[in-house]
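Undergrad: Residues per chain, in single letters:
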Amino acid sequence: MSKRRLGLIIYFTFLLLPLYWMFVMSLQTTESILGGFSLWPRDITLANYTKIFTDQSWYSGYINSIIYVSMNTVISLLAALPAAYAFSRYSFIGDKHMFFWLLTNRMAPPAVFLLPFFQLYSTFGLIDTHIAVAIAHCLFNVPLAVWILEGFMSGIPREIDETAYLDGYSFPRFFLTVFIPLIRAGIGVTAFFCFMFSWVELLLARTLTTTSAKPIAAIMTRTQSAAGLDWGLLAAAGILTIVPGALVVYFVRNYMTKGFALGRV
Amino acid sequence: MTLKLDQVSKKVGGAQHLYPLDLELKPGLNVLIGPTLAGKTSLMRLMAGLDKPSSGRILMDGREVTDMPIQKRSVAMVYQQFINYPSFTVYDNLASPLRLAGLAKAEIERRVREMAALLHLEPYLERLPGELSGGQQQRTAMARALIKDASLLLFDEPLVNLDYKLREELRAEMREIFQRRQAVVVYATTEPLEALLLGGASTVLDAGRVLQHGPTLEVYHRPATVRAGQIFSDPPMNTVLGKVEDGMAWLGEQIGLPLAGHLTDLAPGRYRFGVRANHLFIAPGSAEDVAINAVTQLAEVNGSETFIHITHHDGTYWVVQEEGVHSLGLGKEIQIYVHPRHLFVYDEADRLVAAPRSERRLAATPPEPETRHGAH
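Which chain is which? The protein sequence lines are C and W, in order. Numbering that gives the first Met the number 0 puts the first sequence at residues 0 to 264. Numbering that gives the first Met the number 0 puts the second sequence at residues 0 to 375.
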């Protein structure tokens with residue numbers, strides 16, 4: 000066996016072991032998890048999953064997360080598409096600085112914005128709504144989306160725009176019927192990243208919600224009780240959290256390579 | 000339909016891309032010839048309305064269009080790069096301007112088929128541009144430009160990115176296609192040969208200025224300035240400072256030619272003489288030929304001909320274009336021959352004072368499009 004293959008096996012073992020372990024735990028009751036050590040699940044049970052899918056307080060967490068993540072992805076794309084087009088096609092005073100400034104928004108830790116956000120959202124009565132979280136997540140998703148889309152758009156020759164105008168296309172029609180199809184790979188990649196960052200973000204999502212828009216990650220903390228942690232339930236919730244992300248990755252995997260090749264992802 | 004530019008200039012940042020210029024283009028073919036960075040593309044973009052001129056007005060049929068949005072102008076453009084809509088099939092590419100014009104489906108279908116037949120695109124109508132060769136992609140771009148019957152058609156060096164064979168083929172076809180049009184066709188190129196093959200009118204552009212404008216053959220036979228002569232010859236016209244003195248024309252200090260033919264009336268004084276490379280020969284052609292002793296510097300074989308670069312011992316540098324493949328040793332002493340009837344003469348103010356008469360007589364018959372030496 001070559002060294003290279005050995006290295007890969009070690010790498011994947013480290014990478015997948017925690018996931019495997021979580022999966023094993025999700026199929027067991029807390030008693031059997033704590034009862035003894037085993038590499039594979041004994042007394043397999045789907046009780047943990049059943050609880051999540053039947054208990055409203057559990058599955059609503061997933062629904063809330065999916066709602067605000069989808070809203071955020073749509074808002075981010077709608078805001079970023081025109082912005083990225085402007086950055087890629089026009090030169091205006093301070094364009095490069097502004098482009099970089101957008102990126103620096105990602106460098107600030109979300110905690111910095113927590114207090115002002117909480118105050119503002121309270122004032123406008125937006126606390127505990129899906130839109131509040133969706134808008135808050137735009138803080139780091141819009142700059143990212145602009146950054147990725149600009150790379151894809153700059154790969155399309157400007158002459159195509161000009162030809163379209165000469166052919167008689169109006170800007171909106173050109174943008175929707177000619178330009179968007181050309182950068183659909185970029186849109187796919189961008190949507191994936193917006194989805195991913197919004198899906199895993201906990202701090203803002205938890206602070207801006209109380210009950211009716213509470214994300215799944217916040218609900219998972221409820222497994223801790225006076226009687227200790229419900230390990231099996233927590234693991235099952237964790238596995239279900241990975242599933243949507245994995246699905247999205249599966250659908251945009253071909254576009255991702257292109258994004259990586261452009262150096263923007 | 001005529002296109003008129005009135006004192007149009009273009010400045011980008013601190014750089015003057017085009018100096019104020021006046022130009023009137025009539026329906027038919029108009030060649031814009033000039034070296035790279037001459038401002039050909041800048042000028043075409045102004046004509047198309049893609050850029051706004053820094054000053055001046057653009058008139059179409061006497062109507063000012065300077066600030067008119069491009070969608071409203073009747074313009075089509077073909078770029079040097081092959082620009083098509085990558086996500087549309089060839090059929091949809093051709094149909095797109097017609098659909099925007101709101102034509103009926105049957106009419107669109109008919110015109111697309113007709114245009115596809117004209118540019119030999121019929122077998123590829125259902126393909127995407129990315130699945131075509133470079134030549135076919137450029138044909139698609141041309142078809143899309145031609146299909147909407149625009150009154151201004153702009154071609155910005157459309158053949159530059161094609162290989163030699165395809166270029167010859169498309170060039171011959173374009174001549175025919177252009178002849179049937181009522182539109183003002185503007186065709187930018189760096190190659191004098193292409194201009195001569197296409198005919199029509201020519202505008203010589205250099206460093207943002209129009210040097211000359213007129214019928215292509217007229218410009219070829221009587222380039223108004225030394226620079227225009229150089230641009231309208233490939234390889235560039237040989238020029239040498241000299242004088243007319245004691246009934247002789249002196250090219251440099253030592254090469255003396257009798258004042259005969261079109262040179263007869265030259266007043267004594269200082270001049271610049273020009274000879275095209277294809278009018279210099281390595282063997283004497285007639286008794287009046289004057290020999291120039293020179294040393295070979297370089298011999299480039301270019302297909303069926305050879306470019307011989309030589310220096311005279313007074314320091315003047317010449318390029319001879321000779322038919323056939325000649326292998327000449329470098330640094331060899333040779334004699335080249337020039338006939339006085341081939342001389343272009345410019346005065347000190349860079350004005351053409353005498354042009355070869357034989358050329359003007361030949362001007363009545365257009366050059367053969369098939370040979371590389373359209374106009375000897």
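FYI, nobody ran anything at the bench for these hints, they're computed from the structure. Ideal Cβ placement from N, Cα and C applies to all residues, glycine included. Any given hint might turn out to be false.
[What the hints assert, rightly or not] Beta-carbon label-pair distances, calculated as ranges:
#1 W:L102 <-> C:G244: 22 to 32 Å
#2 W:V159 <-> C:L181: 38 to 48 Å
#3 C:Y10 <-> W:Q15: 53 to 63 Å
#4 C:G6 <-> W:L297: 55 to 65 Å
#5 W:L240 <-> C:S90: 38 to 48 Å
#6 C:L7 <-> W:L102: 30 to 40 Å
#7 W:S53 <-> C:S69: 25 to 35 Å
#8 C:S69 <-> W:R98: 46 to 56 Å
#9 C:L181 <-> W:T310: 22 to 32 Å
#10 C:M255 <-> W:G101: 53 to 63 Å
#11 C:L181 <-> W:E175: 27 to 37 Å
#12 C:S90 <-> W:T35: 17 to 27 Å
#13 W:L102 <-> C:P243: 14 to 24 Å
Undergrad: Which hints, by number, does the structure contradict?
TA: 1, 2, 6, 7, 8, 9, 10, 13
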